[in-house]
Amino acid sequence: SQQGEEDPQALSIQEGENATMNCSYKTSINNLQWYRQNSGRGLVHLILIRSNEREKHSGRLRVTLDTSKKSSSLLITASRAADTASYFCATAMGGSEKLVFGKGTKLTVNP
Amino acid sequence: DTEVTQTPKHLVMGMTNKKSLKCEQHMGHRAMYWYKQKAKKPPELMFVYSYEKLSINESVPSRFSPECPNSSLLNLHLHALQPEDSALYLCASSTGVGSYEQYFGPGTRLTVT
Chain A
12 SQQGEEDPQA LSIQEGENAT MNCSYKTSIN NLQWYRQNSG RGLVHLILIR
62 SNEREKHSGR LRVTLDTSKK SSSLLITASR AADTASYFCA TAMGGSEKLV
112 FGKGTKLTVN P
Chain B
17 DTEVTQTPKH LVMGMTNKKS LKCEQHMGHR AMYWYKQKAK KPPELMFVYS
67 YEKLSINESV PSRFSPECPN SSLLNLHLHA LQPEDSALYL CASSTGVGSY
117 EQYFGPGTRL TVT
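Sequence order for the protein chains is A and B. The opening position of the first sequence corresponds to residue 12 in our numbering, with each subsequent residue numbered one higher. The opening position of the second sequence corresponds to residue 17 in our numbering, with each subsequent residue numbered one higher.
Careful, some of the hints might be misleading.
Beta-carbon label-pair distances, calculated as ranges [said to hold, decoys possible]:
(1) G27(A) <-> N86(B): 47 to 53 Å
(2) E26(A) <-> K54(B): 17 to 23 Å
(3) T88(A) <-> A96(B): 32 to 38 Å
(4) T119(A) <-> T23(B): 28 to 34 Å
(5) P77(B) <-> S39(A): 47 to 53 Å
(6) Q20(A) <-> E74(B): 21 to 27 Å
(7) V55(A) <-> E74(B): 33 to 39 Å
(8) D77(A) <-> K56(B): 23 to 29 Å
(9) N86(B) <-> R61(A): 30 to 36 Å
(10) A93(A) <-> S88(B): 29 to 35 Å
(11) T23(B) <-> T31(A): 34 to 40 Å
(12) K80(A) <-> E74(B): 25 to 31 Å
Cross-link-like lysine to any residue pairs, in silico, SDA-like; alpha carbons within 25 Å at most [what the hints assert, rightly or not]:
(13) K54(B) <-> N86(B)
(14) K56(B) <-> N33(A)
(15) K67(A) <-> E117(B)
(16) K37(A) <-> E60(B)
(17) K52(B) <-> S81(B)
(18) K69(B) <-> N41(A)
(19) K38(B) <-> R125(B)
(20) K54(B) <-> S107(A)
(21) K56(B) <-> L86(A)
(22) K69(B) <-> H42(B)
(23) K37(A) <-> V120(A)
(24) K57(B) <-> E64(A)
(25) K69(B) <-> G106(A)
(26) K54(B) <-> A96(A)
(27) K114(A) <-> S87(B)
(28) K35(B) <-> T21(B)
Worth flagging that the hints you see were computed from the coordinates, not collected in a lab. Where is the CB? At the ideal position from N, CA and C, for every residue including glycine.
Just chain B, with the same shape it has in the complex (with noise of 0.2 Å):
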């Protein structure tokens, strides 16, 4: 199984709202990736977990959390979200950091209103 599968693929939110994105791989990879896309823009990486402790924080704000519940689940925390978060989050697994080829989940694309 080479499938990084995200939830749910399209979400809407209030500002004021509280909702979680889930992403799951079973390649035994110990590193787990998330990243937010802006249109027309490359992947902006916000979190990197490996073995399933927060390795890297990209200063990203409070208003996202991330949490890593066992090695092939990550899900992504999300509370008073402003309408520039809107966007598409990307999930990503490798076998290790830094040099290993990730792969990618199809994304949740988040709008805020």
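Just chain A, with the same shape it has in the complex (with noise of 0.2 Å):
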């Protein structure tokens, strides 16, 4: 079952326009990850954000972590095209092995 939930499920945007996207997830979490997949190919890591953390940044990616209501939120400054992609957070457990990552949102942004 999925433990991360993004929203929006999709967002279109004009280049130069910033992009935020919303995960929410249900229990306690060791770290938080968003990852991005270009149509039909692998998953890219972005960035991962650890519980004891509020805010982090990578280039144009400006991830939060608020622990008490269970959410994250990536934003992605001055878009380009290039950034057209579905955007899935992906939780880690305490004592789990494994990711579990949310539905995903689909971006598009147009030249």
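With the hints as a guide, dock the two chains, each given alone in a separate frame, to form the complex.
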């Protein structure tokens, strides 16, 4: 069963705009990870945020984590057409050997 | 080398065929994974290998048979598949199991006819 639920399911924006997608989860976690998947291809790891961290940056990506609300957000600033992809959050629960992926947000950046 | 390779890229097989998917990594990772992904869905975990031993089988039907010949290789043997098994099969690896970031291969697009 999925641990994470992304919101929105689909997002369409213009190049240069910012894109924000959210992830909610149900149980306590060790960390939360975001992955990108271009159409029909493998997933690429974007960023990992630990349960004791509140915010993390990587280039144009900003991730926040609110463990009290069991939610995370991924912000992509100054989006580009090449950012068009599906974005998944994945949670790693304590003592578990696996990541559980959310349903994903499909982002379309129009040139 | 931070790449996970998978072969073949595409595979079409009949329901009576036997085929194998292959995955390879040379990052020294000790955990390797097989996922199945249907269109517009997230990856679903099938198997986890840790130190070349099967540690998780997510109640996958026996027509899927994983094998880890060594720490760099992971195979998925396929036999008597059903059309509903058509999907993208992804291999991934990580330093250890659980909380580590995973490196994914490009996947094998499998069609069962």
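Cross-check of the supplied hints:
Between G27(A) and N86(B) the beta carbon distance is about 48 Å. The supplied range of 47 to 53 Å therefore holds. Look at E26(A) against K54(B): about 30 Å separates their beta carbons, and that is not inside 17 to 23 Å. Roughly 50 Å separates the CB atoms of T88(A) and A96(B), a value that falls outside the hinted 32 to 38 Å. A hinted range of 28 to 34 Å holds for the C-beta pair T119(A) and T23(B), which are about 31 Å apart.
Look at P77(B) against S39(A): about 32 Å separates their beta carbons, and that is not inside 47 to 53 Å. In this structure the hint that Q20(A) and E74(B) lie 21 to 27 Å apart at CB holds, the actual value being about 24 Å. Between V55(A) and E74(B) the beta carbon distance is about 23 Å. The supplied range of 33 to 39 Å is therefore violated. Distance hint check: the CB atoms of D77(A) and K56(B) are about 28 Å apart, consistent with the given range 23 to 29 Å.
At about 32 Å, the CB distance of N86(B) to R61(A) agrees with the hint of 30 to 36 Å. The hint said 29 to 35 Å for the Cβ distance between A93(A) and S88(B), and at roughly 31 Å that hint holds. Our hint of 34 to 40 Å for T23(B) and T31(A) holds, since their Cβ atoms are close to 38 Å apart. Between K80(A) and E74(B), the C-beta spacing of about 29 Å keeps the proposed range 25 to 31 Å intact.
Of the pairs offered as hints, the one joining K54(B) and N86(B) is violated, with about 28 Å between alpha carbons and a cut-off of 25 Å exceeded. A distance of roughly 18 Å separates the Cα atoms of K56(B) and N33(A); the hinted pair therefore holds under the 25 Å criterion. Between K67(A) and E117(B) the CA atoms are separated by roughly 15 Å; this keeps the pair inside 25 Å, and the hint holds. The straight-line distance between the Cα atoms of K37(A) and E60(B) is roughly 18 Å, inside the 25 Å bound, and the hint therefore holds.
Simply put, K52(B) and S81(B) have alpha-carbon atoms about 13 Å apart, close enough for the 25 Å limit, and the pair holds. Restraint check for K69(B) and N41(A): the C-alpha separation of about 24 Å stays at or below 25 Å, so the hint holds. For a cut-off of 25 Å, the pair hint linking K38(B) to R125(B) stands: about 12 Å separates their Cα positions. Straight-line distance between C-alpha atoms of K54(B) and S107(A) comes to about 24 Å, which keeps the hinted pair within the 25 Å bound.
For a cut-off of 25 Å, the pair hint linking K56(B) to L86(A) stands: about 22 Å separates their Cα positions. Under the criterion of a C-alpha separation no larger than 25 Å, the hint pairing K69(B) with H42(B) is consistent with the structure, at around 18 Å. Proposed proximity of K37(A) and V120(A) is contradicted: the alpha carbons are some 30 Å apart, above 25 Å. For the hint linking K57(B) to E64(A), the alpha-carbon distance of about 29 Å lies beyond 25 Å, and the restraint is violated.
Between K69(B) and G106(A), the direct Cα distance comes to roughly 18 Å. Compliance with the 25 Å bound is thereby established for this hinted pair. At most 25 Å may separate the alpha-carbon atoms for a hinted pair to count; K54(B) and A96(A) meet this at roughly 16 Å. Under the criterion of a C-alpha separation no larger than 25 Å, the hint pairing K114(A) with S87(B) is inconsistent with the structure, at around 31 Å. Distance check on the hinted pair: K35(B) and T21(B) sit about 17 Å apart at the alpha-carbon level, within 25 Å; holds.
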